[in-house]
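Just so you know, the sequences run in chain order P and X. In this text, residue positions in the first sequence follow my numbering: the first is 1, and each later residue adds one. In this text, residue positions in the second sequence follow my numbering: the first is 1001, and each later residue adds one.
Among the hints, a few may not be true.
Claimed, not checked - In silico EDC-like links for lysine to aspartate or glutamate, alpha-carbon gap of 16 Å or less:
| id | chain 1 | residue 1 | chain 2 | residue 2 |
| --- | --- | --- | --- | --- |
| 1 | P | K476 | P | D61 |
| 2 | P | K357 | P | E443 |
| 3 | X | K1172 | X | E1005 |
| 4 | X | K1172 | P | E438 |
| 5 | X | K1172 | P | D187 |
Unchecked claim - Sample of chain X residues lacking proximity to chain P, with all beta carbon distances greater than 10 Å (derived):
| id | residue |
| --- | --- |
| 6 | E1005 |
| 7 | S1015 |
| 8 | W1049 |
| 9 | F1069 |
| 10 | I1081 |
| 11 | V1083 |
| 12 | G1086 |
| 13 | I1105 |
| 14 | A1109 |
| 15 | A1124 |
| 16 | V1186 |
What the hints contain is simulated information worked out from the structure, not anything from laboratory work. C-beta: ideal position from N, C-alpha, C; glycine also.
In case you want the letters, here they are:
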Amino acid sequence: MTFDALTALLLIPAVAAAILALLPDYRLTAALNVLAALLTLATAMSLFVVEPASGQYLLVDDLNKVFIVLTTFVGFTTSIFSASYISHEIEIGRLTPTFVRFYHAMYQTLMFAMNLALVANNIGLMWVAVEVATLTTVLMVGIYRTHEALEAAWKYFILGSVGIALALFGTILVYMAARPVIGEGTDAMVWSVLVARAAQFDPALLDVAFVFLLLGYGTKVGLAPLHAWLPDAHAEGPTPISAVLSGLLLNVALYALLRFKMIMAANAGAIAPGPLMVAMGLISVIFAALMLYRRRDIKRMFAYSSIEHMGIIVFAFGMGGALANFAGLLHMIMHSLTKSAIFFAVGHVAQVKGTQKIADIGGLTVTNPVLGWGLVLGVVAIVGLPPLGIFMSEFLIVSSTFARQPWLTAILVLGILIALGGLFSRLNVVVFGEPKGETKPAEASYVPMFAHLALVLAAGIYLPPLLVAGFSNVAKLLG
Amino acid sequence: MHGLEFDVAHTLAGSLVLASFMLLYQDRLYALLNVYALHAFVLALSVAWQAFVQHAPHLYVTAAIALLFKAIIIPVALHRIIVRLGIHREIETALSVGLTMIGGIGLVALSMVVMLRVTPGADALAREDLAFALSVVLLGLLIMVTRRNAVSQVVGFMSLENGLVLAATGAKGMPLVVEISVAFSVLIAFIVIGIFLFRIRERFDSVDIAALDRFRGERR
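Just chain X, with the same shape it has in the complex (with noise of 0.2 Å):
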């Protein structure tokens, strides 16, 4: 039985690395809001796997956060407000899609190599765990540098922190998640917010993040 629970999880957290890089190179942002909503529905699985196999009863609430808020309510959010900011067009990349995803399979070796190293003392799944989080990690800051639209941008941190609550939800025994998953849905609210006042203010002609360029740094 505990090869099929070590099995299983290895399977969900693996599969949240491979839609980091399913977002890594979707070009369209209805798209990427599709990529992540399925990101966030495989972190809620693993979460509640991790609660079943950990006979951690807590955990659920993180799971039924993550379902809820993070793959249902934050991706239409977002999708409206797309909608209304009338940029469902192509995402300007920094980087072209294959050197991007080139990157990101450095970094999760990178990830690999630095985690599974440091790690030996701790059990194997806690180990593989890490050694995946930090690899959506780094994924999530890849998306963030390589992305110029401030829609994208916060999708990349999303998922970053998506990595975050997979490392948190795999150190067993951890105190606060579930607090802590709370505080970071929190600060999602708020930069959703952020992105929806933009727009209301009528501030910004774009969100493109080039286009903030010119007011940046002296006032002239």
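Next comes chain P alone, as it looks inside the complex (with noise of 0.2 Å):
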């Protein structure tokens, strides 16, 4: 294999990890963690540049450069706010700093077992690097080693061994189908090949296939009803990884569906992957929207906050055509870096207040003014407000569809809608009113999150023709 900007994406982080993990003071390994992650980044753009020749086992095209660039954009940004956020569980002694340094080694693992799910061109490849994805996060959501952690970790591992056998199972059933026309041995595993030959797969095994990779990796996206590790385990961890499960995490789960979705999808007798998408995709909106109301926890709303925009963007893909297509990609992007935003934000008020409780933090507006009105901001552009980014894939999305589902259309608009009320009438609490808890200033690096914000604003109300393009390009190879 010859080195390149692909083996770079998968060595840079791997490496790191590796060194992380022995390295013993913490802010040193904090800034290590920053600069592998800003390489990462710099790898990853390179590939708009440079673009590596694919082969059996990595693969690179205009679809997982769009998920890698994401990626690796928003582990940097979380890398900076990590930073700060770890050094004050530390000095409250939350986290020791032997934890720390495993924490930091995981997060470069995870960075690595995600890149390598999106270059993966073999399907038992990507199956493997999303077990591991899911492994590292499962250890960190039960770093704080709480009861209450340990339970999330537990649970989270349970259901997701459960999502992560089923996809294995498809996975198996995708090569039993291919291998007739193939022939045995890897090239049955490669994703490119079995693209380009699907048309003569049995469609029959192809449909039971299906069902089970969604299945599978339908847990991981935390589409409903199997979502049910996603909030505890957004809930329990600690936040920079919230931020990365909702930021990341689902999207590469998502990925994994697409790039089934595409096989499915060059076979004329299988059955049409959408519909059970999505099926699924509007009942985690409404689902998810209606358990807004009564939460208690702030990380946890937002968490089934997260499974709403996954069903949004799920059903945006399962709609398909260029144009529902376009608005889910971009809704992946602006949902990835809204949400990681108000993490971040979600992160410090946890910090300051010294409690998720919904009721016990108040008047964040007053105490703290620079931290309550981003988390407005970040609010506002979540629940689709303009002249933010989400705002304007949503309206994509209901514009695409709308004409040839009106009804379906109008239950994801009704979902999107109670969502809004929902995270208003919880944000109300929060940010203003009486200030409640305590009132230190808050000790945070602001720079990730209002630049996550800067872009989502940028992004509703300009995007560059460059960048249109390359998404309608990408639009037209999911079909």
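Take each chain as given, in its own frame, and dock them per the hints.
What follows is the structure, given as structure tokens:
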């Protein structure tokens, strides 16, 4: 294997993980973590300049470039947030330096696993990468070693494992479908070969395979009714991990699903995967929107909001067509940026107030104006108010699907509106009114949060034609 | 000779389904672990037979992993955990044994109907293996939902995973089978260590999931 950007994309986080596991000083490791994430981001950007050759195991095309750049970018900004978050956790003694060393090593391992899942051309390799990503996040969710954290990690672990097991069964079935056409051996698991010859596969076998893949990877996407692990994992783990889970890992699982959807689409006899995805997406949107109202824990509330948005994205991809795919892709990126910005804010809020309970947090705009207004801006963005990016992507989704399926789109809009009401009513308690809880100033780095929100705002006002052309290209690929 | 190869493979895969049924009605943890060891042993035999029939020596590695890791090390480790935790009492099942068995039969019928119908083109051995494997997977899920005890849920998950290995080895010439079985072994090792950690940290007084329920959901 020659050394190119693809190898570097995997090698940098892997080497960084090994180094970070050995170094004791947490300030140094936090800085190195940021540096490694920055290098990975630079490597990812270089994919646009020089495109490395794809092989039997690794692949780069227009679709995964978008995902890779998004993943490495949010990975980089989260590592900056994580540095200030973690030093505070050490000061108050919630984490010991040993655990932080472990945490940083796991952070880079997670980046490695997600990059591997995104560049894997082999569906078996992709499965292994998603499993590694799950395991590292399980370890990080349980890092506080409290009752709740351990239970959340356990629940995530068991449900994630079942999901992963079902996904493997689906992967085996895809191989079975491909074997008579492509022949035995590695080729029958290479995605680019599979998609090129999918038209000759046995459609019935592909149908069954897709059901397992949808249930399996769908568990990791957090689609209702397979979402039970998601709120706990988000609420009990360290906040940088909540940001990475919501902003990135859900996308990676979705990416795996999209790859298989493309194989299904290439086979005329197979069932259309769209209606299944639309149904699960809509159930997720409505369910999560209703769940937003009675939340007492602020991180758990935003976890339900993630389920809602993944539902919207899956709905858009399920509807298909160039415009809906474009909108889904845009929505995915906007959601990643916005939701991780919100978690950055929430992480600092929880540190200032010493609690995640909504009832014990109040008057943030008075006590910590920057943080409070940042959170307001984030929520305004996430509920989809103009002129921010999510408004535009949601508007595109609704307008591109309304003509085809008015009733389904009406349900989607209803879900979005219910979620808007829920999030605002809870936000009102948190940021306005009587100041509650401790009122110390936040030792926060606001840069990642406002950088994300600025990007979301910019995308809402003006999308550069180059970006539009790139996204339309990917949208066509998705069929 | 082909007839014999087929018959042996068929018998072994069928035995795995039977072993899954045996797991379904065990109401004591020790017995459950012993049956699981048997389950893994049958899997090892089946994989070894596939390795022999398909002339695929790498599958012997998978068989060895199944034998050493799943049939010996894991049951012994779980056995010791159970002794330490002092939970070798009866398992509380969510459904009665009779209902669970009927459910299990229904699931096996379902997987036969589904898999045999969609694979008319595949060779007979692969078809039957897939149908049996899906049965084992579904029975594993059934064990996981009918048990309320963390250890027996793990046993359910491990039996589910055995079904996947059966499917992977039955799919002739499938690459990465060894890697996947290693990846799963790592996963299971983590689960077992996880149970053990709960004990070490003494965060939970019991591994009964019902006792964990009070921590679930919103923190008040």
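These are the hints, each one checked on the structure:
1. With a C-alpha separation of about 13 Å, the suggested pairing of K476(P) with D61(P) holds against the 16 Å cut-off.
2. Under the criterion of a C-alpha separation no larger than 16 Å, the hint pairing K357(P) with E443(P) is inconsistent with the structure, at around 20 Å.
3. The suggested pairing of K1172(X) with E1005(X) holds, with an alpha-carbon distance near 14 Å, which does not exceed 16 Å.
4. With a C-alpha separation of about 64 Å, the suggested pairing of K1172(X) with E438(P) is violated against the 16 Å cut-off.
5. Among the hinted pairs, K1172(X) with D187(P) is consistent with the structure: their alpha-carbon atoms are about 13 Å apart, no more than 16 Å.
6. A cut-off of 10 Å between C-beta atoms confirms that E1005(X) is not in contact with chain P; the least separation is 17 Å.
7. No Cβ of chain P comes within 10 Å of the Cβ of S1015(X); the nearest lies about 20 Å off, and the non-interface call holds.
8. Taking the minimum C-beta to C-beta distance to chain P, about 18 Å, the non-interface status of W1049(X) holds against the 10 Å cut.
9. At roughly 17 Å from the closest C-beta of chain P, the C-beta of F1069(X) stays outside 10 Å, upholding its exclusion from the interface.
10. No Cβ of chain P approaches the Cβ of I1081(X) within 10 Å, the least distance being about 15 Å, so the stated non-interface status holds.
11. The non-interface label for V1083(X) is consistent with chain P: the shortest C-beta to C-beta separation is roughly 21 Å, beyond 10 Å.
12. Consistency note on G1086(X): stated as away from chain P, and its beta-carbon is indeed over 10 Å from all of that chain's, at 20 Å minimum.
13. A cut-off of 10 Å between C-beta atoms confirms that I1105(X) is not in contact with chain P; the least separation is 21 Å.
14. Its beta-carbon lying about 16 Å from the closest one in chain P, A1109(X) satisfies the requirement of being farther than 10 Å from that chain.
15. Every CB of chain P lies more than 10 Å from the CB of A1124(X), the least distance being 13 Å, so the non-interface label holds.
16. Once the 10 Å rule is applied to beta carbons, V1186(X) is inconsistent with being away from chain P; the minimum gap is 8 Å.
In the structure shown, a violation is registered for the earlier hints numbered 2, 4, 16, in ascending order.
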